[in-house]
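Q: Chains as they are written, first to last, in the numbering used here: chain A, 167 to 627; chain B, 111 to 372.
Any given hint could turn out to be false.
Think about it this way: if two alpha-carbon atoms lie no more than 25 Å apart in a straight line, the pair counts; the simulated DSS-like pairs of lysine-lysine are [what the hints assert, rightly or not]:
| id | chain 1 | residue 1 | chain 2 | residue 2 |
| --- | --- | --- | --- | --- |
| 1 | B | Lys-195 | B | Lys-137 |
| 2 | B | Lys-213 | B | Lys-195 |
| 3 | A | Lys-525 | B | Lys-238 |
| 4 | B | Lys-213 | B | Lys-238 |
| 5 | A | Lys-196 | A | Lys-318 |
| 6 | B | Lys-219 | A | Lys-525 |
| 7 | B | Lys-344 | B | Lys-137 |
| 8 | A | Lys-525 | B | Lys-306 |
| 9 | A | Lys-525 | B | Lys-137 |
| 10 | B | Lys-259 | B | Lys-306 |
| 11 | B | Lys-238 | B | Lys-259 |
| 12 | B | Lys-259 | B | Lys-219 |
Computed from the model, here is a short list of chain B residues facing chain A with C-beta under 10 Å [stated by the list, open to error]:
| id | residue |
| --- | --- |
| 13 | Asp-136 |
| 14 | Thr-176 |
| 15 | Ala-180 |
None of these hints come from the bench; they were simulated from the model. From a predicted model like this one, the values you see are computed outputs, not experimental measurements. A virtual CB, placed ideally from N, CA and C, is assigned to each residue, including glycine.
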Amino acid sequence: MSGPILFLLALGLGLAGWIAGRARAWAFRKSVPDGRLASLPNYHAWYVALWIAVPVALFAVVWSATAPSLILQSVLSTPEASQLPAFGFQRDNILREAQAVASGAAPAVFNEAAKPLIEPFREAMARYNLMGFAAALVIAFLAGAFAYLRLKPDFAARTRVERAVMFALLLASLVAILTTLGIVASLVFETVRFFGMVNPIDFLFGTQWNPDPMSGADNPDASRYGAIPLFWGTIFIGAIIAMIVAIPLGLMSAIYLTQYADPRLRKWLKPALEILAGVPTVVYGYFAALTVAPMIRDLAQSVGIEGASSESALAAGIVMGVMIIPFVSSMADDSIAAVPSAMRDGSLAMGATRSETIKRVLIPAALPGIVAGIMLAISRAIGETMIVVMAASTAANLSANPFDSMTTVTVQIVAMLTGEASTEHHTTLSAFALGFVLFLVTLALNFIALRVVRRFREAYE
Amino acid sequence: MTRVHDNLEPAEAKMAANHVSVFYGDKAAIDDVSIEIPNEYVTAFIGPSGCGKSTFLRSLNRMNDTIPSARVEGEITLDGEDIYKSGMDVVQLRARVGMVFQKPNPFPKSIYENIAYGPKIHGLASGKAELDEIVEQSLRRAGLWEEVKDRLEDSGTALSGGQQQRLCIARAIAVDPEVILMDEPCSALDPIATAKIEELIDEISGRYAIVIVTHSMQQAARVSQRTAFFHLGKIVEYGRTSDIFTTPLEQRTQDYITGRYG
């Protein structure tokens with residue numbers, strides 16, 4: 167409750183510090199002979215403002231984390247609290263209700279036992295709010311005075327503010343990294359729990375995927391958790407069928423756009439191609455499930471292929487390949503365009519045709535960039551969820567027939583997590599193990615792609 | 111109008127330009143130029159930057175076709191045949207009129223593959239042995255064989271700048287052209303590498319018609335027999351190199367070669 171108010175206080179006091187610092191710096195200008203300060207008045211102002219706002223904001227964070235438990239402590243030490251039942255669950259409920267009424271979040275108590283506690287809660291809250299304000303003001307005053315008194319005509323406020331900016335940027339970049347670490351940590355934690363129930367060897371090399379959410383939570387049947395069919399389905403749909411579609415089409419469109427297209431046409435075609443990357447994957451999912459899949463099934467039946475499924479791997483793979491085209495083509499486009507035009511001119515001047523030049527000079531020179539684009543596209547494809555959830559089936563099938571129904575890792579993660587078993591059950595935990603292995607695979611692919619790109623960058627310097 | 115020295119000894123014209131203008135969009139970079147390129151001679155194009163000499167050179171093997179806004183008017187002939195006529199095979203033309211660029215531009219392939227590239231795409235060799243022969247001969251003519259014969263599989267881009275440029279000349283020679291166009295081939299090289307290229311031009315000059323664009327008057331004087339002075343998209347003066355440098359007919363030529371401008 168008092169946290170947001172303390173933050174506002176930090177901003178307000180910071181503003182006051184800003185004005186005071188600026189005024190003092192302006193005053194310096196008159197006292198210095200040529201009116202020149204080491205830093206502009208604005209930097210002095212920011213210096214004071216930061217010195218006030220940052221400590222108060224930090225205090226607000228700490229205070230809003232500790233104040234509730236302090237309030238609770240003081241309420242529990244009042245004589246009224248001695249009436250509370252000893253049983254934890256009941257006791258917590260009563261306390262929570264009293265607090266809600268005291269803070270104005272609820273109109274009245276439901277449980278009569280909570281009534282006598284309302285008043286102590288009110289008192290404690292008022293007391294601690296006051297303490298928080300007082301402490302914030304003291305901190306703001308001390309820090310502000312410290313900063314204010316350091317201001318001098320030759321004080322390098324500019325470099326200090328610059329350093330603060332750097333820290334702010336550092337903090338911003340740390341957020342993304344820490345989030346990634348948090349994700350990995352949570353995955354690892356749950357994965358370790360799963361591997362405590364199911365042997366990793368069975369998981370990684372078993373060929374039967376058939377988890378039973380109704381089975382006992384304690385003794386999972388490890389032979390039902392063979393992930394090979396899932397990874398095969400993922401690779402078959404994402405890395406084989408999708409790439410058979412995406413690599414030739416993406417490459418050829420990149421070649422056409424960079425080498426043949428009239429600039430006016432290119433101006434239209436390139437954004438149009440990039441729109442493909444902006445289509446929500448759910449929409450691709452409809453397209454795959456409602457249009458492509460039945461079409462492929464009918465086509466297969468008309469040429470006499472028995473048992474073609476309406477949820478075939480081919481349908482999901484083809485649509486996924488179309489989705490990936492812009493990734494492949496824009497990376498290929500960039501890396502072909504990055505080949506110096508002197509290479510192209512050199513080849514053309516030898517009497518090579520355009521397509522000979524492309525095939526023998528441009529593509530080999532641009533190959534690292536193209537390969538990196540393909541790697542990124544593959545890692546995107548095998549991590550893709552929505553298309554396969556809608557178009558592929560949930561039946562784990564270890565088959566090389568593209569007309570068979572197949573499932574992927576991501577589909578199973580969705581199925582296991584949205585299933586009816588509790589979060590402690592091994593079917594749910596298996597989703598984390600699948601996610602962890604998938605994460606490792608895409609991480610490896612991205613890593614390789616980045617390495618390849620880096621080598622490519624050095625090529626023409 | 112172009113002043114042509116009248117003491118030119120008769121020479122067979124390999125290429126000829128008649129009233130050629132080159133436009134980039136609406137802007138004329140070359141304005142009504144006529145000149146004959148004699149066979150087995152080295153012809154130098156000199157002139158200040160932006161005078162159109164590189165543009166004109168690139169129109170001799172239709173490399174300007176790669177620039178969408180460029181347009182050529184007038185007639186340019188190779189052995190009497192108009193190279194801009196419809197139905198002209200640009201690929202064949204460029205095999206007959208080779209080109210060496212300002213900056214060495216070896217392909218990011220092995221030295222061997224750089225030379226073998228042209229013969230392969232034109233089907234000049236019927237087998238590996240013959241191809242080896244062409245590669246060796248081209249490198250020998252370019253004076254590079256002794257330096258690279260033990261590392262033909264190394265990348266062409268790993269050579270020094272001067273070696274790269276000689277590799278590019280060897281690459282041009284390998285398809286056995288009739289004319290070789292050189293667009294400031296030494297501007298990116300140090301004096302020693304430049305001297306080697308000039309020596310090389312001298313050695314191969316009797317075999318081909320060579321046209322060289324250069325900013326260096328000394329280089330034009332050293333390597334060429336004929337010189338054309340370009341200024342503002344026109345050829346101001348054309349004649350024997352020795353005459354252009356000793357007894358120019360035009361004041362502008364005189365001013366340029368004595369370094370008064372350019």
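Q: Confirm or reject each hint.
A: Evaluated hints:
Restraint check for Lys-195(B) and Lys-137(B): satisfied, since their Cα atoms lie roughly 23 Å apart, inside the 25 Å limit. Proximity of Lys-213(B) to Lys-195(B) is assessed by CA-CA distance (about 31 Å); at most 25 Å being required, the pair is judged violated. Annotation: proposed proximity of Lys-525(A) to Lys-238(B) holds, straight-line Cα distance about 21 Å (limit 25 Å). Using a Cα cut-off of 25 Å, the hinted pair Lys-213(B) and Lys-238(B) is violated, with the two alpha carbons roughly 30 Å apart.
Between Lys-196(A) and Lys-318(A) the CA atoms are separated by roughly 12 Å; this keeps the pair inside 25 Å, and the hint holds. Pair hint Lys-219(B) plus Lys-525(A) holds up; C-alpha atoms about 13 Å apart against a cutoff of 25 Å. In summary, the hint linking Lys-344(B) to Lys-137(B) is supported, as the alpha carbons are separated by about 14 Å, within the 25 Å threshold. Annotation: proposed proximity of Lys-525(A) to Lys-306(B) is violated, straight-line Cα distance about 33 Å (limit 25 Å).
This hinted pair does not check out: Lys-525(A) and Lys-137(B) have alpha carbons roughly 35 Å apart, beyond 25 Å. Restraint check for Lys-259(B) and Lys-306(B): the C-alpha separation of about 18 Å stays at or below 25 Å, so the hint holds. Restraint check: the Cα-Cα separation between Lys-238(B) and Lys-259(B) comes to about 17 Å, which is no more than 25 Å; the hinted pair holds. Among the hinted pairs, Lys-259(B) with Lys-219(B) is consistent with the structure: their alpha-carbon atoms are about 16 Å apart, no more than 25 Å.
Look at Asp-136(B): its Cβ only gets to about 17 Å from chain A, farther than 10 Å, so that hint breaks. Of the supplied interface hints, the one on Thr-176(B) holds, with its beta-carbon coming within about 6 Å of a beta-carbon of chain A, less than 10 Å. With its C-beta approaching chain A no nearer than about 13 Å, Ala-180(B) sits outside the 10 Å limit, and its interface hint is violated.
Of the hints listed earlier, those the structure fails to meet are numbers 2, 4, 8, 9, 13, 15, in rising order.
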